[in-house]
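Participant: Mind docking chain B on chain A? Use the hints.
There are 2 protein chains.
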Amino acid sequence: MTTTVRCETTTLADEEMQRLRELAAQLRVDSVRASTAAGSGHPSSSLSAADLMAVLMARHLRYDWDNPDSPLNDHLIFSKGHASPLLYSMFKAAGVISDEELMNGYRRFGNWLQGHPTPALPWVDVATGSLGQGLPIAVGVALAAQCLDQLPLHLWVLCGDSEMAEGSMWEAIDKAGYYRLRNLTAIVDVNRLGQRGPTELEWDMDAYRRRFEAFDWHAVVIDGHDLHAIDEAYRQVRGIDRPTAILARTIKGKGLPQVENEASWHGKALPPDLAEKAVAELGGVRNLRVRGPLPEPGTPAGAATAGGQVTLPTYKKGDKVATRKAFGDALVALGARTDVVVLDAEVGNSTHTLDFAEKYPDRFFQMFIAEQQMVAAAVGLQVRGYRPWAATFAAFFTRAHDFIRMAAVSQADIYLAGSHVGVEIGPDGPSQMGLEDISMMRAILGSTVLYPSDAVSCAALVTQMVDREGVNYIRTTRGSYPVLYDNGESFPVGGSKQVRGSDSDDVALLGAGVTLHNCLAAADLLADAGIRARVLDLYSVKPIDREAVREAARATGGRVIVVEDHYPEGGLGEAVLSALSEQAVPVTHLAVRTLPASGNPDELLKAAGIDAIAIAETARSVAGR
Amino acid sequence: MTTTVRCETTTLADEEMQRLRELAAQLRVDSVRASTAAGSGHPSSSLSAADLMAVLMARHLRYDWDNPDSPLNDHLIFSKGHASPLLYSMFKAAGVISDEELMNGYRRFGNWLQGHPTPALPWVDVATGSLGQGLPIAVGVALAAQCLDQLPLHLWVLCGDSEMAEGSMWEAIDKAGYYRLRNLTAIVDVNRLGQRGPTELEWDMDAYRRRFEAFDWHAVVIDGHDLHAIDEAYRQVRGIDRPTAILARTIKGKGLPQVENEASWHGKALPPDLAEKAVAELGGVRNLRVRGPLPEPGTPAGAATAGGQVTLPTYKKGDKVATRKAFGDALVALGARTDVVVLDAEVGNSTHTLDFAEKYPDRFFQMFIAEQQMVAAAVGLQVRGYRPWAATFAAFFTRAHDFIRMAAVSQADIYLAGSHVGVEIGPDGPSQMGLEDISMMRAILGSTVLYPSDAVSCAALVTQMVDREGVNYIRTTRGSYPVLYDNGESFPVGGSKQVRGSDSDDVALLGAGVTLHNCLAAADLLADAGIRARVLDLYSVKPIDREAVREAARATGGRVIVVEDHYPEGGLGEAVLSALSEQAVPVTHLAVRTLPASGNPDELLKAAGIDAIAIAETARSVAGR
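Residue numbers (this note's numbering), protein chains in the order written: chain A, 1 to 625; chain B, 1 to 625.
Treat the hints with care, as some may be off.
Claimed, not checked - Below 25 Å or equal to it, Euclidean Cα-Cα: the simulated BS3-like pairs (lysine-lysine) are: (1) B:Lys606 x B:Lys320; (2) A:Lys320 x A:Lys606; (3) A:Lys316 x A:Lys359; (4) B:Lys316 x B:Lys268; (5) A:Lys320 x B:Lys268; (6) A:Lys268 x B:Lys316.
Simulated from the structure, these hints should not be mistaken for laboratory data.
As the structure is a computational prediction, the values presented were derived from the model and not from experiment.
Extracted from the complex, chain A is given alone in its bound form:
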């Protein structure tokens, strides 16, 4: 059974209806014109949602267009980012971009009106275009607004129907239901057609409704071209104690008879002659300027600013402490800052984020086993000024790779911690071993990748990370290893530590994390054989300490060995090779090169050829002895 909002008695005056009709027509006309001028884009996917967006921007979106950074504004996220012609047409209607810019800027090199929205535009919170991401990110924004800032603002998310096939959407729908995010409305533009034909559910509106309701949402089905029904649906959402899905049955290409409901028109700009005809049919170019209500006054209850004194945890040199534990300690210390929030994917007792949860439960959000949603929520929380940390096993961040990639496009500032790395974890076996995480994180544009070997450096790096921009990643180790450094030592990002060495070293051993400890043990073995080893702690994998690496190569006559508990591609070894790329230095690279299995850490490090004995043997060979 389908519940449809029917407006038996209209609440919109004729004049207002006329304004909305005109606005919707303008959004259609401009969507067609902009994409035709660009020669590419998605007019048909814009036209299906034009009525939905016209009513929203004119009557329900509480937004101060002159002050897009105001924390009081509603948020509008186009999860279906390919409908950018519609979004940018709304910006023209709001008067924040000109018609000329829309016509000459869309999809053009050097202009901010890109093919898919990015926060290069001040009215855009996050980059979309990889489908299935806008709603999960909105859940993070909604959590911040409802649970931390406690403001009456509302989240409006325009979703495509095709993207409802992405599991990430159901992670978001699940979490929004779980947290009863009453400030969140998903507007699903059910236009029946995906890129290459009909969607899975086509116009089975009742199926959509049952699915949302099963995840504890309020769901309402409307005709997405009935301005009254749209208005009434929007009007109701603020009074509902749960998230609302407005399931709008729409027609792709609505308004253009030759395009309407035609599968072949996905993602195609109209040719100029057809576009001209279409614009004429839609009543020609308009230059309406429409703004809706301003946000309610208020003050965020959350304090998304750095406040509070952070006191680093301290450790005793030689004590065995796991870096994952030190990470938890440092996170608790960071908790003194009220902008720090923490997200877990149901492994907080392993990653030690639960240490934070115990002390700061209000700034801790459990995402259960939903890594995509965890990272998306982090991106959403930083939209509202928080410093979100998200932690899971390093291997399981691969689940959220696309979200991390897109976070970089959003130029989001997020903080990720991956534990249980490499074969070092032992008996659990390869499914739980992070062996490609450095590669994944290094290849994120503008990222920082840190991999401390001991508790002191780990805590120091966590404290620095929180003030950095972009995607920041710290890799922590499962097992406990000796504290190497004195409390208070400095570990600048981009630096390194020479933990062993002299002015006349025979060979350089470069490691990080567990392999640094193995390098140190190898250096002891080598010393017994009269070979002097320089040992370098490359705790900063990206940016890497290029100078120290080069100096180690120079000082040892080019006898460099790099050792990592990671697959050989894209990890510490290749970072070192890149640092030395313009030098003529041979590098010997020890890494995990066969499929690991279960065993104890020593057995597995030995089998991978990255234990102290393997390192020492390699060094002897490199040193020619």
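Facilitator: Coordinates of chain B only, in the frame set by chain A:
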């Protein structure tokens, strides 16, 4: 409202009940003993499902334990792979491993009874342990069995309740409903407790039921410790025209009063004294040998063997053809082999998999926009001997990274094609640009990574890929570029082509895909300036043609420039650096180093510094002129 199967009149004779009770007790006892002997593992998560698995293996799983490779067998997949003690205890009960091996092998180095199941064991189809993967993979197996092989076998998937938070599970549930996989049963072990505390839904069985039903499954709620109810639920599933979810309310640690329903016992082996007491309470060690029914006789209707003559498409040298188009052509050619199947994530008109769909609709499966499910289905299809190809935009394979990673642990043979790579795609902007895919795919253990520059080499590589083992990836380009090679030329995986050069070259330009064309154009510019450039087509990124790269370095006196339309980390450049790591050769590396935006391809290649002019300028500088 909860539907509960109630067995008012028992259909199980007392004797059979006694056998099942004994078997369940044995599985419990052995799960405790094995994990205690190993000193780690998940006994509590095994005990909750012991009754479910006892009834399944004794009465419903149609499986020839002496012939695990039989295509007629039912499949049993532990999506909750951490319950491996239970699975291995079942293997003991079936008589395929000994009690001694279970006690001394579990989680031990060199033994196949790893912490999480892998197909090193002949009774295991795929590796699990990254939660949320077993059910999506099972959908692929079920598609093969139902739609291709058309056999009456059944898929039984033991799922955890915690993993129901993974979006990938809902992608699987959605697709199983869409394809009406009546041969698929998900047994959800709702034991209420996750790793660090209660699950989202705890024992809200009705919520689970509503969710499955909303996705068009048959769902039934049972007491997961009531042997009659379990038996009756299993008995019914084969008669239902849809996938069935058996939602079993269970108690974690069931059978051990001190462990039952206690959050603190997740993932912990019992200490030996407690284990001894527990075993005694459960009635002591048993050595029951229990096997259930054998599979029905039959013959697979699908022919998962290489048959049919593949005739490569041909192209005219100099014609402009996109490699994504050549990929589609080659896939159609491969279609002559009846083991070739193709999966799409709703972009088949862009990746050109729809060309295959038109000719071979029965071997084409639309997964809609669900990249995790697409890759999981590929893994499932290869379980039954097919050669599955899955294609989407290269950037969107990041969505499935964890599934690709686990495919390597499964030692699965799958074939992935990523289109729309690099800034070359132009106006759509960075959300659609594959700029980290080479890095991701290189770091998959045992992977093959290919990146052809023209149509002839692309088709030749596709044809070779299909007979390779492991995870195979081909990267195709959006735009059309000249055909460079003669039809019939050979492009061995691991090889390269010198497309320009002599015995006395001044500089070596190494490229692949679009940058190879830019290298060729740069070589023309350099020739005008009297600089002789050798140009190498590194179409095989992994394995790379180490010898050719080294020879190019040697021949040019170490003046090597590598150019890629990809971020600098983990891609072609670092592959070249690794190939040269033990030589002392400087390498100049041109790659995409800033966030791209929209524009036309030429503008974006220029802005990234990887167009012909930038390459030529760099070469002049490297050559010192």
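Participant: Does each hint fit the structure? Answer for all of them.
Facilitator: Structure-based check of each hint:
no. : hint                : in the structure
1   : B:Lys606 x B:Lys320 : holds (21 Å)
2   : A:Lys320 x A:Lys606 : holds (21 Å)
3   : A:Lys316 x A:Lys359 : holds (24 Å)
4   : B:Lys316 x B:Lys268 : violated (65 Å)
5   : A:Lys320 x B:Lys268 : holds (22 Å)
6   : A:Lys268 x B:Lys316 : violated (29 Å)
Hints 4, 6 from the earlier list are contradicted by this structure; the remaining hints agree with it.
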